[in-house]
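2 protein chains.
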Amino acid sequence: MKLSSLGEFGLIDSIRKMTAQQSPSVLIGIGDDAAALKLSSSSLLLATTDMLLEGVHFNLSYTDFYSLGWKSAAVNLSDIAAMGGVPRFCLISLGIPSSVSVEQVKDFYRGFRAVLRAHRTVLVGGDTCSSRKGFVINIVVLGESEKAKLVTRAGAKAGDRIFVTGTLGDSAAGLDLLRAATGRKRQEAWRRKLIQKHLRPVPRVAWGRIIAIAKCAHAMIDISDGLSSDLAHICDESGVGARIIAEDIPFSRSLLAASDKLGKSPLYYALSGGEDYELLFAAPPAKAKKLRSFDITVTEIGVITGERRLLLSCEGKTKPFRPTGYNHFKKSGG
Amino acid sequence: MKLSSLGEFGLIDSIRKMTAQQSPSVLIGIGDDAAALKLSSSSLLLATTDMLLEGVHFNLSYTDFYSLGWKSAAVNLSDIAAMGGVPRFCLISLGIPSSVSVEQVKDFYRGFRAVLRAHRTVLVGGDTCSSRKGFVINIVVLGESEKAKLVTRAGAKAGDRIFVTGTLGDSAAGLDLLRAATGRKRQEAWRRKLIQKHLRPVPRVAWGRIIAIAKCAHAMIDISDGLSSDLAHICDESGVGARIIAEDIPFSRSLLAASDKLGKSPLYYALSGGEDYELLFAAPPAKAKKLRSFDITVTEIGVITGERRLLLSCEGKTKPFRPTGYNHFKKSGG
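Heads up: the sequence lines are chains A and B, in that order.
Be aware that the first sequence starts at 2, since it is given in the numbering used here, and climbs by one per residue.
Be aware that the second sequence starts at 2, since it is given in the numbering used here, and climbs by one per residue.
Each hint should be verified, as a subset may be incorrect.
Since copy identity is lost for identical chains, a pair holds within one copy or between any two.
Unchecked claim - The calculated DSS-like cross-link candidates involving lysine-lysine, where the alpha carbons are at most 30 Å apart (straight line), are: (1) 148 - 291; (2) 158 - 291; (3) 39 - 150; (4) 39 - 158; (5) 290 - 148; (6) 148 - 39; (7) 18 - 158; (8) 150 - 18; (9) 3 - 18; (10) 216 - 39; (11) 320 - 290; (12) 262 - 320; (13) 148 - 18; (14) 265 - 194; (15) 150 - 216; (16) 150 - 291; (17) 158 - 320; (18) 150 - 290; (19) 288 - 216.
These are computed hints drawn from the structure, not numbers from a lab.
The whole structure should be built from the sequences, with the hints applied where relevant.
Now the structure itself:
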């Protein structure tokens with residue numbers, strides 16, 4: 002069905018029905034001038050927003066609409082996870098070109114809803130408009146946290162151990178595979194897994210919360226720009242430096258299988274790739290043992306230093322390195 | 002200066018400096034994964050978001066960047082005003098094409114900041130990215146209200162008087178003037194005023210709050226789509242109808258001067274034009290006198306009826322009418 006036969010208010014009504022969820026915290030949801038919401042008393046309000054633009058953040062020939070909706074929700078929930086917070090509410094703005102069908106918009110919302118529900122986050126409002134220039138997405142996630150549990154990017158101290166959750170580099174390798182794919186029918190398992198990591202990342206909401214509650218992190222960030230860039234953000238905000246051990250960075254077996262074919266090293270993907278949405282955090286050494294007692298996948302990959310520069314130890318040699326993740330407006334990646 | 006020479010993080014840093022405001026309610030502002038904010042205890046959180054797309058919501062040959070920033074903030078504050086709330090925090094996402102200079106982005110933020118400051122709203126975060134397909138804006142405003150003071154679109158009752166603030170139709174006439182203008186040098190005052198109303202609307206934040214605190218409104222909305230559409234929203238959500246007296250709709254002298262030249266009636270602009278960002282509300286008859294005691298400009302323009310249809314009385318004749326404001330995706334305006 003074409004959007005033009007449904008109209009703006011028909012579409013909003015249809016979204017309202019699709020995403021309807023009862024929650025005693027939502028006094029006014031979709032359909033009024035603003036949502037009216039109840040937070041736990043004494044909590045801080047967390048707020049984050051991300052814009053995703055066709056041709057910049059995603060390419061409709063690589064992604065299906067379900068995955069696009071999924072990822073839009075996931076990247077925002079990941080920001081709340083990186084603060085150690087609990088996501089509660091979500092608002093979404095969509096600019097939809099006339100080439101997109103009602104079914105595709107509904108698929109987008111199905112993927113979006115799947116992630117929200119998994120993380121008990123309620124869609125409470127948004128804006129839906131026609132776009133003349135590509136598919137445009139903006140997401141807002143509102144969450145909460147107790148002041149004492151909040152983990153920012155500032156706070157890392159010399160001597161802290163650097164940890165990451167999960168494995169790094171998969172998403173960027175998945176994107177390279179999508180770019181290189183030309184109607185390939187047979188898909189090896191590693192190929193599917195890396196592409197899945199790129200299209201449907203899983204935000205580490207529960208893990209971020211566990212780390213925050215156990216006070217295991219002096220500083221935390223989610224890896225959206227690549228390990229090198231996001232580590233640099235922590236170091237900049239904390240006024241410290243860092244040394245990473247290349248051999249300790251966790252890689253998936255899929256990435257190890259892919260990197261030969263793709264002609265780039267796993268280390269390259271991890272440092273510069275981005276979009277892994279894993280958590281990167283600095284933990285006081287005394288907490289390292291405690292971390293291993295939780296049911297979360299974390300790996301120690303280096304140490305925070307007092308000297309404000311980034312060092313990489315690789316095959317026994319230590320060299321300075323610079324952030325190389327994606328930087329909007331800059332012509333190259335640096 | 003070109004954005005490519007400043008880069009994403011340079012731009013964010015520059016915005017951070019430009020918009021820096023101290024507020025004890027902002028524990029974490031721009032520059033972390035999420036903002037961390039303090040609301041008054043016992044308040045409800047209000048949240049609203051609006052997307053503005055080049056070629057759909059604005060045209061860079063009609064508007065300067067200062068006005069664009071101004072309007073982006075104003076239309077979102079207006080949604081909080083329509084709930085009777087107090088705006089507190091703001092997040093902004095910008096997708097910026099390479100054709101836009103650093104100076105233009107800064108001008109945008111100057112206009113944006115002017116409106117935020119006037120309404121004591123603090124910029125606490127956002128997202129800045131490059132766009133390949135036009136200038137893209139998304140704004141979020143977070144506010145608060147006591148539960149008992151909240152005014153929604155639902156709640157209008159048969160017999161309520163219908164009021165609007167300010168004058169209607171100016172903004173749409175201003176847009177028609179901008180469209181018709183061809184390098185005109187001499188600008189009559191009425192022309193300038195209508196264009197100003199279109200480019201730099203003033204959100205009725207204080208008025209909305211006065212109306213809410215005095216419990217003068219059973220239902221309220223801001224006029225963004227046009228009187229006919231927005232009145233229909235109130236009627237739909239409240240399960241009522243309405244009768245409007247055309248002769249009672251307040252028009253500015255500028256609009257009366259313009260409508261001859263533009264070949265459209267003030268009534269047309271008021272009903273179908275939209276973007277006035279005045280408040281439309283249903284007040285119990287007993288409150289009509291009280292309303293006149295406040296220092297706010299309100300005009301009674303009709304009455305809420307029990308029968309679910311919209312009527313317009315004009316020159317002694319009463320006829321049904323349909324919402325005719327802007328509807329995204331529909332090919333015509335209906």
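My question is about residue 158 and residue 320: at a cut-off of 30 Å on alpha-carbon distance, are they close within one copy, between copies, both, or neither?
Intra 21 Å, inter 73 Å, cutoff 30 Å: intra-copy only.
Evaluate residue 320 and residue 290 at a C-alpha cut-off of 30 Å and name the case that applies: within, between, both or neither.
within (29 Å within a copy, 77 Å between copies)
Reference check for the pair residue 39 and residue 150, CA-CA at most 30 Å: within, between, both, or neither?
both (20 Å within a copy, 14 Å between copies)
Could you figure out if residue 39 and residue 158 sit no more than 30 Å apart (CA to CA) within one copy, between two copies, both or neither?
between (36 Å within a copy, 27 Å between copies)
Cα distance capped at 30 Å. Does residue 3 pair with residue 18 within a copy, between copies, both, or neither?
Within one copy, since 19 Å is at most 30 Å while 45 Å is not.
If the cutoff is 30 Å on CA atoms, where do residue 150 and residue 18 land: within, between, both or neither? Let me know, please.
between (36 Å within a copy, 28 Å between copies)
Could you figure out if residue 148 and residue 18 sit no more than 30 Å apart (CA to CA) within one copy, between two copies, both or neither?
between (36 Å within a copy, 25 Å between copies)
Up to 30 Å CA-CA - residue 39 versus residue 216, copy category
Intra 26 Å, inter 21 Å, cutoff 30 Å: intra and inter.
Within, between, both or neither: residue 265, residue 194 at alpha-carbon 30 Å
within (18 Å within a copy, 60 Å between copies)
Have a look at residue 148 and residue 291 and pick one of within, between, both or neither, based on CA distance no larger than 30 Å.
within (22 Å within a copy, 43 Å between copies)
Taking 30 Å as the upper bound on the Cα-Cα distance, should residue 18 and residue 158 be classified as within, between, both, or neither?
Between. Shortest inter-copy distance 26 Å satisfies the 30 Å Cα cut-off; intra-copy 49 Å does not.
Measure nothing new, just compare the shortest in-copy and cross-copy C-alpha distances for residue 290 and residue 148 to 30 Å and report within, between, both or neither.
Classified as within: same-chain Cα gap 25 Å, cross-chain 47 Å, threshold 30 Å.
Violated hints are absent here; each numbered hint is respected by the structure.
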